[in-house]
Amino acid sequence: MPKWITQVGCPYCGSSCDDLEVLVSDDGKKVLETRNACVIGNEIFHHASNPNRPTRPRMRQEDGTVKEITYDEAIDYTAKALLKAKKPLIYGFGSTNCEGMSAVGRVAEKAGAVLDNCASICHGPSFLAIFDNGYPSCTLGEVKNRADVVLFWGCNPMHAHPRHTSRYSIFPRGFFTTKGNMQRTIICVDPRETDTAKLADIHLMIDQGHDYELFDAFRTVLRGHDIPDVVAGIKKEQILEAAGKMKNGRFVMIFYGMGCCHTDGRNHNVDIAISTTRDLNSHTKASIMAMRGHYNIAGPGQVWSWQFGFPYCVDLSRGTHAHMNPGETSSIDLAMRDEVDCFVNVGTDAGAHFPIEAVRHLKKHPFITVDPNICMASEISDLHIPVRIVGVEEPGVVYRMDNVPIQFKKVVDGPDGVLSDEELFDRVYERMCELTETEPIWILNRGHAHGSSTAEQ
Amino acid sequence: MAEIIIKNGFVVDPARKINGDVMDIAIKDDKIVEKVGSGAKEIDARGKVVMTGGVDIHAHVAGPKVNVGRLMRPEDKLFKSPNAQAPYRIESGFSIPSTFKTGYDYARMGYAFVMEAAMPPLHSPHVHEEIHDTPIIDQGALPVFANNWFVLEYLKNREIENSAAYTAWLLAATKGYGVKLVNPGGTAAWAWGLNCLTLNDPVPFFDITPAEIISGLMQTNEYLGLPHSIHIHQNSLGTPGNYEITLDSFRLAEGVKANNKFSRDSVMHSTHVQFHSYGGDSWRNFESKAKEVMDYINGQKNITVDLGCVTLDETTTMTADGPFEHHLNQLNHLKWANTDVELETAAGVVPYVYDKDIKVCGIQWAIGLELGLYAKDPMRTFITTDHPNAGPFIRYPRIIKWLMSKKAREETLESMKYTDKVIDATNIHSLDTERTLYEIAQMTRAGPAKALGLSHIFGSLAPGMEANVVVYDLNFNDMPDDPEQIERAFLRSSNFIKSGDIVVKDGDIVSHGNKRTFWVNARVKENPQVIRDIHEKFLKEYTVGLGNYSVWDCLAPNPYVIDIDVEA
Numbered sequence: 052m053p054k055w056i057t058q059v060g061c062p063y064c065g066s067s068c069d070d071l072e073v074l075v076s077d078d079g080k081k082v083l084e085t086r087n088a089c090v091i092g093n094e095i096f097h098h099a100s101n102p103n104r105p106t107r108p109r110m111r112q113e114d115g116t117v118k119e120i121t122y123d124e125a126i127d128y129t130a131k132a133l134l135k136a137k138k139p140l141i142y143g144f145g146s147t148n149c150e151g152m153s154a155v156g157r158v159a160e161k162a163g164a165v166l167d168n169c170a171s172i173c174h175g176p177s178f179l180a181i182f183d184n185g186y187p188s189c190t191l192g193e194v195k196n197r198a199d200v201v202l203f204w205g206c207n208p209m210h211a212h213p214r215h216t217s218r219y220s221i222f223p224r225g226f227f228t229t230k231g232n233m234q235r236t237i238i239c240v241d242p243r244e245t246d247t248a249k250l251a252d253i254h255l256m257i258d259q260g261h262d263y264e265l266f267d268a269f270r271t272v273l274r275g276h277d278i279p280d281v282v283a284g285i286k287k288e289q290i291l292e293a294a295g296k297m298k299n300g301r302f303v304m305i306f307y308g309m310g311c312c313h314t315d316g317r318n319h320n321v322d323i324a325i326s327t328t329r330d331l332n333s334h335t336k337a338s339i340m341a342m343r344g345h346y347n348i349a350g351p352g353q354v355w356s357w358q359f360g361f362p363y364c365v366d367l368s369r370g371t372h373a374h375m376n377p378g379e380t381s382s383i384d385l386a387m388r389d390e391v392d393c394f395v396n397v398g399t400d401a402g403a404h405f406p407i408e409a410v411r412h413l414k415k416h417p418f419i420t421v422d423p424n425i426c427m428a429s430e431i432s433d434l435h436i437p438v439r440i441v442g443v444e445e446p447g448v449v450y451r452m453d454n455v456p457i458q459f460k461k462v463v464d465g466p467d468g469v470l471s472d473e474e475l476f477d478r479v480y481e482r483m484c485e486l487t488e489t490e491p492i493w494i495l496n497r498g499h500a501h502g503s504s505t506a507e508q
Numbered sequence: 067m068a069e070i071i072i073k074n075g076f077v078v079d080p081a082r083k084i085n086g087d088v089m090d091i092a093i094k095d096d097k098i099v100e101k102v103g104s105g106a107k108e109i110d111a112r113g114k115v116v117m118t119g120g121v122d123i124h125a126h127v128a129g130p131k132v133n134v135g136r137l138m139r140p141e142d143k144l145f146k147s148p149n150a151q152a153p154y155r156i157e158s159g160f161s162i163p164s165t166f167k168t169g170y171d172y173a174r175m176g177y178a179f180v181m182e183a184a185m186p187p188l189h190s191p192h193v194h195e196e197i198h199d200t201p202i203i204d205q206g207a208l209p210v211f212a213n214n215w216f217v218l219e220y221l222k223n224r225e226i227e228n229s230a231a232y233t234a235w236l237l238a239a240t241k242g243y244g245v246k247l248v249n250p251g252g253t254a255a256w257a258w259g260l261n262c263l264t265l266n267d268p269v270p271f272f273d274i275t276p277a278e279i280i281s282g283l284m285q286t287n288e289y290l291g292l293p294h295s296i297h298i299h300q301n302s303l304g305t306p307g308n309y310e311i312t313l314d315s316f317r318l319a320e321g322v323k324a325n326n327k328f329s330r331d332s333v334m335h336s337t338h339v340q341f342h343s344y345g346g347d348s349w350r351n352f353e354s355k356a357k358e359v360m361d362y363i364n365g366q367k368n369i370t371v372d373l374g375c376v377t378l379d380e381t382t383t384m385t386a387d388g389p390f391e392h393h394l395n396q397l398n399h400l401k402w403a404n405t406d407v408e409l410e411t412a413a414g415v416v417p418y419v420y421d422k423d424i425k426v427c428g429i430q431w432a433i434g435l436e437l438g439l440y441a442k443d444p445m446r447t448f449i450t451t452d453h454p455n456a457g458p459f460i461r462y463p464r465i466i467k468w469l470m471s472k473k474a475r476e477e478t479l480e481s482m483k484y485t486d487k488v489i490d491a492t493n494i495h496s497l498d499t500e501r502t503l504y505e506i507a508q509m510t511r512a513g514p515a516k517a518l519g520l521s522h523i524f525g526s527l528a529p530g531m532e533a534n535v536v537v538y539d540l541n542f543n544d545m546p547d548d549p550e551q552i553e554r555a556f557l558r559s560s561n562f563i564k565s566g567d568i569v570v571k572d573g574d575i576v577s578h579g580n581k582r583t584f585w586v587n588a589r590v591k592e593n594p595q596v597i598r599d600i601h602e603k604f605l606k607e608y609t610v611g612l613g614n615y616s617v618w619d620c621l622a623p624n625p626y627v628i629d630i631d632v633e634a
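Residue numbers (the working numbering), protein chains in the order written: chain A, 52 to 508; chain B, 67 to 634.
Excised from the complex, chain A in its bound form (with noise of 0.2 Å):
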C-alpha cells in the first residue's frame, strides 16, 4: 500500500512549510502524490523520480564529454583540487541541510578556503545592514497570531513564496486575529503593480531606486514634522494615511525583499528600514524581517557564525583566523578579479547567477558542483557530484526565514549508492587527511558525529 506521510518540509523557498503531506510507493523509492504543497514545492517531490537524474559522478574528458566516475575517484580529485589550490572558493549551500554545511566548515577550513553563500548575491545588504543597526525582528508565528498592519516592501510572495500569504501573513487567522485577513491593513511598497500589490489595501507605487527617500518620509512623518508634497513619486497625504495606519496598529510587520535590498541605496535601504521599525516601537510594537529566498539560506548564516563568528564571505585562508570584509572576501568580487584558483559550488547554480565575466574567470582553474541536479553550473563544471535531495531523500536541520529551526526529514530513500552533502564533505576531508597525513579533528569520537543520516522519523 502507498503510504500518506504528514508534516513534511518543502524543500523551496525560504517560508519552509512543514506541513505538506506526500504519498509515497509501496518501496519507499518513489514519490506519488502531494497535497498542501505550492506548484514548485510539489514539482520538486516528483523531480526525485525523474529518471533522467544523474547518479554517479560525472567528469569531463578532454574532448568536452563527460564521463561516469566513482563517488572514491570524485572525491580524490576534489580533496586534490582543494589541497593544490592557494585561493578556492566555496560557494552556494541555497539548497541543502546544516549539517552539509558545517561538514563542508571543515573541509574549508582544512583547505584555507573562502565560503560563501548565496546571500553574496542576495540578501548581503541586510547583513551590512544589521552589522550597523541590529535586526529587531519576530518568528512567524507572532507575524499570524498578532500583525494587524503588514507592509511588502519591494517584495512579492504572491510569486516568490507563494504559501507565505497564507500561512503567515495576511490569511491566516491567529490568536489575536480571529477575523484573518479582514483584520489585517496590507500596504505594498512597489514600482510595478504585483499580484501582493493587487491584494493591498494600500499601494504605493513608488519611483523605482527611491526607497530611502520614502523611508525618511515615514521616519520624519513618524516624529511629527512635515514632508514635501510629493516623495519617490508618491503624493504626500497617501503617505499620512499609511503612516497613520502603521502608527496606529497593535502589531506592525515590516517584510522586504530585494526590490528593497538590490536597488539604488541597497544596504543603506536596509538600514533605514530598521530605523523605521526601531521608530515606530516608541508608539506601538513592530518588527521586521528579510524574505529570504531558499528553504535553508538563513542556514549558512547560522552554522557559520557559530562556528566562525561570521555569516557569510569567510575567508579561512590565512589558516589561524577567520576573516571577512565583503568586497574583498565575497564571492563576486573575488572571481572578478581573478583571486579564485578552484570553485565548489553546492547546492545552487552560480553558472546561473553570477554575472559571465566572473564565471569566465572561475572556469579557468578546477570547476566543481555538487548539486542533486543538472543545472547551468554542472554542464560547465570539470566534475559534478551528484547528491541527495534534502527534504525528500535526506532528513536535516533548517532554518526558516526568521530564523527558526526545522527538522525536515525525508520520504523517499535516495538512488543506490548517492551519497549526501554531510557524506560527501566528511569523506573530502577525510581524503584531505590522508593526503596530508594529519588526523582528522571530529567534535565528538565518529560514530556519533554522523547526525542526519540516522535521524529518527
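Bear in mind the hints are in silico, worked out from the structure with no lab data behind them. Errors might be hidden in some of the hints.
Some chain B residues judged to face chain A by a derived CB distance under 10 Å, without partners named [claimed, not checked]:
1) N133
2) M138
3) L188
4) D199
5) T275
6) V407
7) N624
8) Y626
9) V627
Quick reminder that beta carbons are idealized off the backbone N, C-alpha and C, glycines included.
Could you slot chain B onto chain A? The hints should help.
Relative to chain A, chain B alone:
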C-alpha cells in the same frame, strides 16, 4: 582511556572538607578511583593546586540569541581572536566566542560542565546544534517557561498538575534540563511592547501576575522533583531601586521545601543577582544594595544565587528579557536585535561597553564583588558573569582574583575616573574579606554541582565521581603576592582531565575528549487534557508542526539522560 594518577598536588575538595592536603588522585577510565596500578600514566602536580572540574550554572553559550550576537557583531572578532591552535579548529570572537572557542576556553580554565541559561523551546534544535559543535565540555540547557502560554493558562487556573505534565513534556521535547524563568510575565507583555515591572503587574490578556507565575512554577518544579530548582531572572532587571522587587520575589520561597532525590536543598536559584541589587531611584543616585540582598540570602537557606559580576569590558548583552534590551537600547543607542518567539518567549541583544570611567559601571562592578564577599555560605553563592551580559566567561579568573585579593580590588578601584563617587555609593572599599581557594572551589564547583542536582557526579574528587581533574599552577602554601598570577593560573590550567581524557596540557588543547548533553526525562501520568491542549495549540497557533517540534536524538548524539519517575 586508561589509568592516570595525579601525584602530590595540594588537593582542594570542599565536598570532602579537604583543604590543601597533599594527596594523589587516581583515575580509571572516566571515574575517580581509590587507587590505580603501577602502569598508570603519572602527572606530577607537586607544588600545584588540584581541584575537580568547574561547573558553570549560568552562561549564554549556545542558541539563537547568542548567534544573533555573533552574527551582528563582526567587530567582536576583529583583532580580538587568538591564533588557531593547530591542528584544532579556528577560534573566533571575544565576548561571544564561536562554539569551538567556547569549548576550548572553558577547558583551558578547567571547566567540565556549562549550563546554557535560556533556551527558547521553538529554537531548541538550534541550541542543540550549537551544543553539538562545542567541543570537550558537558552541557545542558534550560528552556524558558515563565512567559509560555500553556504555563500562563494553567497557572492562572492554579492547575499545578497540568503545568507539571506540560513541563515534563517540554523538557523531553526540547531535551532541556530544568525550569528557567526570565522576567516572568514581562516578556509575554513585550509581545505587545509592554512590560511587568513589579510582582503584581498583571500580564496583558492572561490576567496573571509575576508573583503567581513564580510561585506556580516553584510548585511545579517541586511536584516533579527535578534535579535543579527553578532558575529565575527576576522582573525589573537593571533598574535603580529594583532590590526591593528582588527581595519580594525571594520571599515567595519562604516555607517552600525542596522535594527531590538529588540532594538539592534549594527551591529557587536567583541568577545574576548583581543586576537585581540596585538602590536609588535614578542613575544619578544609583547605589549598591548588595548588603541588603545578601543579608536576606544569608538567612534564607533554600535559595542559591549566582553573582553576574561586571568585568569592565566591552561586551554583548543578550537576554530573553526583551523589554529590558529595548530599554537598554534607548539608553546607549547602539544596534538592537530582537526576536519574539510565538507563544513562548522573546529575546533581545544589544552591545554594551562597561567603561570603568563611567560611574554607574564602576558601581555595578563593585556590587557584583560585594555580593561575593558578603555571602556567608559560599556553597550557595556561585561565580558567574551572566556570560556575556556582565562580561565574558574568560573573566572568571579575574573575578576570582578580585575576590581573593583586596589589593587587586583596590588597584581596579583606584584606576577609575570616579573612584570617590563609586566608594560613596558602595561598600567595596571598606570590605577586607579575601576569599580562600577552599571557598573559590565551593563557589565554582561543589556549590553549583549541588544546586544543579549533580553532586553525585560533579563537584568533588571523591572516588566514584566523574574523572574531571584540573591542576592549577598555584602553590597552596605560598600564594603569590602578585594577584595577576592568580588570574593567570586559573585562566590556563597546567592540566585538565575531562571524563578521563587529558584535554589540556600547559594551557593548550590536546584532545577534543567526548562531550555530552545532559537532559532530564521526567515521566508523569498521562494527562489527556494537556495532550489535547498541545495538539490544539500546534494546530491553531504555532507555525511549526507538532511532529517536527521535538529535538531529534541525533542532535544530542552523546546524551546523559536523568530519568525521573514522578509516579513512583
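Each hint, compared with the structure:
A hinted interface residue such as N133 of chain B counts as satisfied when its beta carbon comes closer than 10 Å to some beta carbon of chain A; here the least separation is about 5 Å, so the hint holds. At its closest, the beta carbon of M138 of chain B sits 5 Å from a beta carbon of chain A; the interface hint therefore holds under the 10 Å criterion. Interface restraint check: L188 of chain B against chain A, minimum CB-CB distance 6 Å, threshold 10 Å, status holds. Restraint check, D199 of chain B versus chain A: the minimum CB separation of about 6 Å is within 10 Å; hint holds.
The interface hint given for T275 of chain B is broken, as the beta carbon of that residue sits about 21 Å from the closest beta carbon of chain A, more than 10 Å. At its closest, the beta carbon of V407 of chain B sits 5 Å from a beta carbon of chain A; the interface hint therefore holds under the 10 Å criterion. Taking 10 Å as the C-beta contact cut-off toward chain A, the hint placing N624 of chain B at the interface holds, the least distance being around 5 Å. Interface hint at Y626 of chain B: violated, since its Cβ lies 13 Å from the closest Cβ of chain A, which is beyond the 10 Å cut-off.
The beta carbon of V627 of chain B comes no nearer than 15 Å to any beta carbon in chain A, farther than 10 Å, and the hint placing it at the interface is violated.
Against the hints set out earlier in the document, violations occur for numbers 5, 8 and 9.
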